[in-house]
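Protein sequences appear in the order of chains P and A.
Convert by adding 495 to the 1-based position in the first sequence; the result is the number in this note's numbering.
Convert by adding 13 to the 1-based position in the second sequence; the result is the number in this note's numbering.
Calculated directly from the structure, the hints in this document are not laboratory data.
Hints may be right or wrong, so weigh each one.
Unchecked claim - Restraint-style ranges between C-beta atoms, simulated for each label pair: (1) A/K468 <-> P/G526: 49 to 57 Å; (2) P/Q508 <-> A/A486: 35 to 43 Å; (3) A/N487 <-> P/N532: 21 to 29 Å.
Said to hold, decoys possible - Sample of chain A residues with no beta-carbon within 12 Å of chain P, all distances over it, derived: (4) G113; (5) A116; (6) R147; (7) E245; (8) F417; (9) I423; (10) L442.
Said to hold, decoys possible - With a cut-off of at most 25 Å between alpha-carbon atoms, the simulated DSS-like pairs for lysine-lysine come out as follows: (11) P/K549 <-> A/K256; (12) P/K509 <-> A/K483; (13) P/K509 <-> A/K256; (14) A/K325 <-> P/K549; (15) P/K519 <-> A/K483; (16) P/K549 <-> A/K322; (17) P/K509 <-> A/K227; (18) P/K530 <-> A/K325; (19) A/K227 <-> P/K549; (20) A/K224 <-> P/K549; (21) A/K408 <-> P/K516; (22) P/K509 <-> A/K250.
Just so it is clear, CB atoms sit at the ideal spot from N, CA and C, and this is done for glycine as well.
So the chains spell out like this:
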Amino acid sequence: MNIYVCIGSSCHQKSSYSVMKEIKYLIIENGLEEKVNLQSAFCLGHCANGITIKIDDEIVTGVGMGNIREIFKTKVLDICK
Amino acid sequence: MTYFDNDVQQLKYEVLSEIAKLAFENSLTTENLLDVASIIVPEGEARMRCCIYKERAIVNERVKLALGGDSKNPNLVEVLKIACDECPVDGIVVTQSCRGCIAHKCANICPKNAITIVNRRAVIEKSKCVECGRCATVCSYNAIVKLIRPCVNACKVNAISIDKDTKKAVIKNDKCISCGSCVYHCPFGAIMDKSYITQAVRMIREADDNKVYKIYAIVAPSLVSQYANIPEITTDKVVTAIKQIGFHSVIEAALGADMVAAMEAEELVEKGFLTSSCCPAFVQFIRRNYPTIAGNISHNLSPMAQLAKVIKQMDPTGKVVFIGPCIAKKAERRNENVKDYVDCVLTFEEMQAMFQAKKIDLETLEETALDNASYFGRIFAHSGGLTTAVGQALKEQNITTEQFTCKPLICNGISECKTALLKASKGVLSENFIEGMICEGGCIGGPACLSHSSKDKNLVDTYGHQAIEKTIANAISIFDESFM
Chain P
496 MNIYVCIGSS CHQKSSYSVM KEIKYLIIEN GLEEKVNLQS AFCLGHCANG ITIKIDDEIV
556 TGVGMGNIRE IFKTKVLDIC K
Chain A
14 MTYFDNDVQQ LKYEVLSEIA KLAFENSLTT ENLLDVASII VPEGEARMRC CIYKERAIVN
74 ERVKLALGGD SKNPNLVEVL KIACDECPVD GIVVTQSCRG CIAHKCANIC PKNAITIVNR
134 RAVIEKSKCV ECGRCATVCS YNAIVKLIRP CVNACKVNAI SIDKDTKKAV IKNDKCISCG
194 SCVYHCPFGA IMDKSYITQA VRMIREADDN KVYKIYAIVA PSLVSQYANI PEITTDKVVT
254 AIKQIGFHSV IEAALGADMV AAMEAEELVE KGFLTSSCCP AFVQFIRRNY PTIAGNISHN
314 LSPMAQLAKV IKQMDPTGKV VFIGPCIAKK AERRNENVKD YVDCVLTFEE MQAMFQAKKI
374 DLETLEETAL DNASYFGRIF AHSGGLTTAV GQALKEQNIT TEQFTCKPLI CNGISECKTA
434 LLKASKGVLS ENFIEGMICE GGCIGGPACL SHSSKDKNLV DTYGHQAIEK TIANAISIFD
494 ESFM
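Given only the sequences and the hints, what does the whole structure look like? Please build it.
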């Protein structure tokens, strides 16, 4: 599985670097280093809709520190297990 | 409204805009190209030269440069032979203002005894004169003038000579470092840089709205001072405009500068003596003239190339276009270790020409955020910024003064670079880090800047402070998290 976190200017200003770090932490915490590849991307093209990440081909917008754990559980953890 | 400092830039811009327009319409046919001259120079009185036919002939030379120039001439900078006005090359001349004074300061200071007093007037013996200009400096009546061609005067690497027969300027390619000083300083606009604007437009068209591949614009931090005289045009509006002409994303070269600052600090500690490698004209200047210290040029890529490398790692099919104030960057792109990362280099002049071609009204645009780098990456745009950033990186890497003490020498402009490199090559330089910027003031003084204003440095500093990342380490921390 590939996860891309948008680090374009707009997402960066909304703290996408923190989201990136949190996802990395969740990958390690759940032992998914072999299954999940985490990358950054210069703009996923949804600047007006909050922080954007892409999980394989699915775009997820409005990501933040408040909901990243839940998103990770339903869209990454549940699928990988 | 004029965006430029002088009318030569304006003229070059008019031609580039027409070419960009044809390129966007995919109609760069011979017929259309031949029409450009009469669009720029319509029927009527000549504006600049003896007649409109000469003006049109010069426009045609500019069209050729806009399309990539003379393919047999590897130099990025070319002389437009018809445009070269054969300025006088009389050298040091005594004018009518000479009063035949009795002090004879001119004759006394001349190191070559080239001045004699004949009939109570100074006379210069041409065969002895070395054109040092000291006599002109000491004359109390300013009666001695130095008539040097502006291009020759602008070229501090002595790459420009005058053809004896045609009296036209000739550039010696083995000496030229593509700094572009002559391009900016020729008052007749007779020297111009090759343009890759049609390549860039083709790349944009073939990307089909970024669906076939994505095009990334890396913008130099000096972008913030380009519209210094038009406050309504904010940097964030320019970012919107760049996206409107077809770029997928706009990223600050300053982020590459943050990466370079961190790596350069490490390299400096390891090697003990280093020169910077950000300014491509400076690097070329060292290689050509001081080969013995070429080994001390930092091995880091420039901020442009470093960031482009990262973008290509993230998106291997993406295309990267650098937009900046610099002509030498076009030469840097050809380097073996850069050409795979950077697909095209444009100047701010060419960027503005693309806006014009697309009829984009900058003042009325919405704003798009630009925020990728730290303050330290952003201030690379002016002289001294790189040194501040390397100093900061050493601090952030907890290098104590016992481990290494950085003794930097900031060289602002080619003359200061020359002095420092000469000392370094003789082993008598007391400093251990040379920041070299060939343009006066650093990149904000670049030949393809729209603005060369005294406000530019402050604009860069103010913009630097607006960055949300306050340290270099924070700005580049994102790259520790990805590529696991």
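Here is how each hint holds up against the structure:
1. A/K468 <-> P/G526: 49 to 57 Å: Given range 49 to 57 Å: holds, Cβ gap about 55 Å.
2. P/Q508 <-> A/A486: 35 to 43 Å: Violated, at about 19 Å.
3. A/N487 <-> P/N532: 21 to 29 Å: holds (24 Å)
4. G113: A/G113 clear of chain P: closest Cβ-Cβ about 68 Å, beyond 12 Å.
5. A116: holds (65 Å)
6. R147: holds (54 Å)
7. E245: Per Cβ check, A/E245 is outside 12 Å of chain P; nearest 21 Å; holds.
8. F417: holds (30 Å)
9. I423: holds (30 Å)
10. L442: holds (40 Å)
11. P/K549 <-> A/K256: holds (21 Å)
12. P/K509 <-> A/K483: holds (15 Å)
13. P/K509 <-> A/K256: The given pair, whose Cα atoms are some 20 Å apart, holds under the 25 Å limit.
14. A/K325 <-> P/K549: holds (18 Å)
15. P/K519 <-> A/K483: With Cα atoms ~23 Å apart, P/K519 and A/K483 stay inside 25 Å; holds.
16. P/K549 <-> A/K322: Holds, at roughly 22 Å.
17. P/K509 <-> A/K227: The given pair, whose Cα atoms are some 23 Å apart, holds under the 25 Å limit.
18. P/K530 <-> A/K325: Holds - the C-alpha atoms of A/K325 and P/K530 are around 23 Å apart, at most 25 Å.
19. A/K227 <-> P/K549: holds (16 Å)
20. A/K224 <-> P/K549: holds (17 Å)
21. A/K408 <-> P/K516: holds (24 Å)
22. P/K509 <-> A/K250: holds (20 Å)
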